[in-house]
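Undergrad: Here is what each chain is made of, one letter per residue.
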Amino acid sequence: MTITLDMAQTDLRTVNTTLQAAAKGQANEAYIIENPRGSHAMACGLDGALDVTVKGSTGYYTAGMNKDATVTVEGSAGPGVAENMMSGVVTIQGDASQYAGATGHGGLLNIRGNASSRCGISMKGIDIVVHGSIGHMCAFMAQKGNLVVLGDAGDALGDSLYEARLFVRGSVKSLGADCIEKEMRDEHLTLLAELLEKAGADAKPEEFKRYGSARKLYNFNIDHADEY
Amino acid sequence: MDKTPQTLPRQSWTFSNEVNSEIRRAAATGIYDIRGGGAKRRVPHFDDLLFLGASMSRYPLEGYREKCDTSVVLGTRFAKKPIELKIPITIAGMSFGALSGQAKEALGRGATMAGTSTTTGDGGMTEEERGHSEKLVYQYLPSRYGMNPDDLRRADAIEVVVGQGAKPGGGGMLLGQKITERVAGMRDLPQGIDQRSACRHPDWTGPDDLEIKILELREITNWEKPIYIKIGGARPYYDTALAVKAGADVVVLDGMQGGTAATQDVFIEHVGQPTLACIRPAVQALQDLGMHREVQLVVSGGIRGGADVAKALALGADAVAIGTAALVALGDNDPKWEAEYQKLGSTTGAYDDWHEGRDPAGITTQDPELSKRLDPIAAGRRLRNYLNVMTLECQTIARACGHNHVHNLEPEDLCALTMEAAAMAQVPLAGTNWYPGKPGF
Amino acid sequence: MCGIVGLFLKRDELRPQLGDMLTDMLITMTDRGPDSAGIAIYGDEAEGRVKITVQSDTPDTDFEGLEPALSAEIGVAATTRVIDTHAVLSVPSDKEAAAIAWLEARGLRIMGSGQSMEIYKEVGLPKDVAARFGLRDMGGSHGIGHTRMATESAVTTLGAHPFSTADDQCLVHNGSLSNHNQMRRKLAHKGVFTRSENDTEVGAAYISSRVADGDTLGEALEGTLKDLDGFFTFVAGTKDGFGVVRDPIACKPAVMAETDDYVAFASEYRAFADLPGIEAARIWEPEPATVYFWER
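As given, the protein sequences belong to chains R, V and P, one line each in that order.
Our numbering puts the first sequence at residues 1 to 228.
Our numbering puts the second sequence at residues 1001 to 1441.
Our numbering puts the third sequence at residues 2001 to 2296.
Bear in mind the hints are in silico, worked out from the structure with no lab data behind them.
Some hints could be false.
To be verified - To give a feel for the contact side, a few chain V residues facing chain R, derived at Cβ under 10 Å: (1) 1003; (2) 1030; (3) 1142; (4) 1143; (5) 1144; (6) 1146; (7) 1173; (8) 1197; (9) 1198; (10) 1201; (11) 1203; (12) 1209; (13) 1212; (14) 1218; (15) 1223.
Claimed, not checked - DSSO-like cross-link-like pairs, simulated, lysine-lysine; straight-line CA separation at most 30 Å: (16) R:24 <-> V:1081; (17) P:2186 <-> P:2127; (18) R:24 <-> R:55; (19) V:1343 <-> V:1040; (20) P:2127 <-> R:55; (21) V:1343 <-> V:1372; (22) R:173 <-> R:216; (23) R:55 <-> P:2010; (24) R:198 <-> R:209; (25) V:1372 <-> V:1336; (26) R:144 <-> R:198; (27) R:173 <-> P:2226; (28) R:144 <-> R:209; (29) V:1067 <-> V:1086; (30) R:24 <-> V:1080.
Quick caveat: nothing in here was measured; it's all calculated off a predicted structure.
No residue lacks a Cβ here, since even glycine has one placed at the ideal position from N, Cα and C.
Go ahead and model the full structure; you've got the sequences and the hints to work with.
TA: Next up, the structure:
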């Protein structure tokens, strides 16, 4: 069953309460949100399998802390989309603003357009696939998970990176401190192929370069003080 | 034989032995001094204030018979479920990681017995502390280590940490020694590596964005939980005002004597304002916005006894939070470990290398053998006792000033012993009706 | 800490709707800035004349008889339009300096001046400020609006944005500058003075001082990247359009939309929700440390 909520008539609190209850109750329903008008915190805190489609562009923190739900934005998403996401799938048909997938722990964030700065900042296990390009400072202090970019990356990619894996098909404007290009081994090609398939991305793993942490900042060393 | 009189060798005040030792240490290691705790330098503090007491112009209350209430409710502005505490003293945020599991459990036990709340820290919520804390405040920090919606929902309040008194404007640096398998697992990081926590939140900057972040946190938690905003004592007037404008239910204000698990000594000693100097500007901001007592103010940083609590409340706080004092109550820096402190190059009372994880008292460590030294039940009881003593002391003072609730303490109940304290607390120098900066003089 | 909106029309037929479109955008940004609001609107110009926008807290007395008194002072006819606490005075270009000096001496606050720019700003919620000035009914080629959440300087009319420190130039800002006191002293040494304690006004004064020294507005905006410290998204209005620049860290939000009819700027996408044809607009975010311009 598909239920439509029109935000021209329904306020955010009601929309989120309805969606959260449906997700929690495993109602097996699908929801369509109309007229989102850039609202913040849309469909955030969902905890359970639920299919939500937002017809239009959203504001900050769409699908924040998502668990298990599938949220699709048929437009662009504002800052911090799918922040701290735990699981499930969040898809943005348009562009994503800053901080997309910030501190995400799991699940898939699939951005069909471009992502702006700080995409995947401090990510902790999430998979992020960006079909377009990404801005500066992406994957800053990224801890775990995978960031796949079909287009180009901006300045300071992967600054202060931990164990997250970064795959970029296009150019990288500059690498951040402690981020280096790494050998693409078979295991990475296999992983990348899976991620591309999951995200429905039209690209071949062989076209990508892999970037990761040089691990020089893992324990303080005065000889690397310039990096701080 | 030369009998010419000679002057004694003279030590420099500027280049003292302590200063020189730090220069040598820096030259040898190439890293700044990292340590735990708060500012150790002498700064104007609550000690420099006295209560006036009642006699003829005001009537004191009888101890033990005439009621003097100590309860406090935090989060009355927007939250559906404000936090009700029996005493106006809470336990400040300290992380599992910085502290052992046993220490976190002891804090939870002690606070719960005393009827107050405890707070998580940078590193997520553990079962020990959730299980043993009747009321638990969940910190929302830039690192978001262990952050998840389930813990958010099982917290009693959410504290968005913007700053910390020990290091306003700074991030964290937890050295690899303490990153055991469990700590690393909770933080999604490899074992044994340094942890650099960011100084700004990853997904918002500034009060205009914070307002939207608060909206999200409220939407995820059904508008039930009070949202605290913790700020470091740096620019308390503006920061308090902006926290209120961003939608805070509670402002937590941490002065420079507030502790940390680990940061640069230069940061601890040279950034931020003394707790005493922070309270009045913060209260002024609340009053200017018509929000004093509507948005509650929790003050921390160097609170040690009931007199400090009473003074903070008199200056306008609704409650206080203790961190270092709570650790001392549990057993931190206890003389019984003197021999071991000596081995670590320190001594009782001075031990501050909490980041190294070799705490003989078993509190600021992840070493299983050391951690075992702390009995969480006995330590929890000590904390309970200490909280009760502080509360009784605070009540004693409030009664002496003629108040039936500790919240009715006011700046006019105080005088200052020094010009500095008079200026910072904006209460008259003892014996006068004047303080520096008083309007109309 | 604030909300910014900007709208630049590409088609003259839309000019009568400028105020209406901007007003909705401005009100949407209320959460980001509930303390005060302001708008710079670039409207009709008269050959050889400038408009001076002034503000008074006691308009009933201050604006009474202002027009004849000013006309007598400068020796030619001035015209006056009073809108709530503001008055827009039109004088011949060569009398502008004399008129401003005289108006300031009378205790009126100068909001800005220029051939086409008028500035309206007051303390209060954006919807109330917009209603007081009848922003909805104003027409023009482009306009910039601002809602303010005051950080360190006072919530006053003078502390509200936009700030104008030169003819037809104005600046709005989201963020917080960290070297504005030093820069204010530096500018004062050059003889460039600000009227408030506000950090943004220093940014505006910096830009107009560079322009006065011969730089283009683009060069001056480039200069902010080197000489101003802190976090900022700036939108600078000029007679012909507007420029946008974000600091290199670029944490403060900025989003732009372009259609065949307009270019729009806002702190958040929400502000675009009511714009015609927004569904099909090109939407993007300005890059950090990059100067953008839209001009007629």
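Undergrad: Hint by hint, work out which the structure violates, then give me just those numbers in ascending order.
TA: 1 and 17
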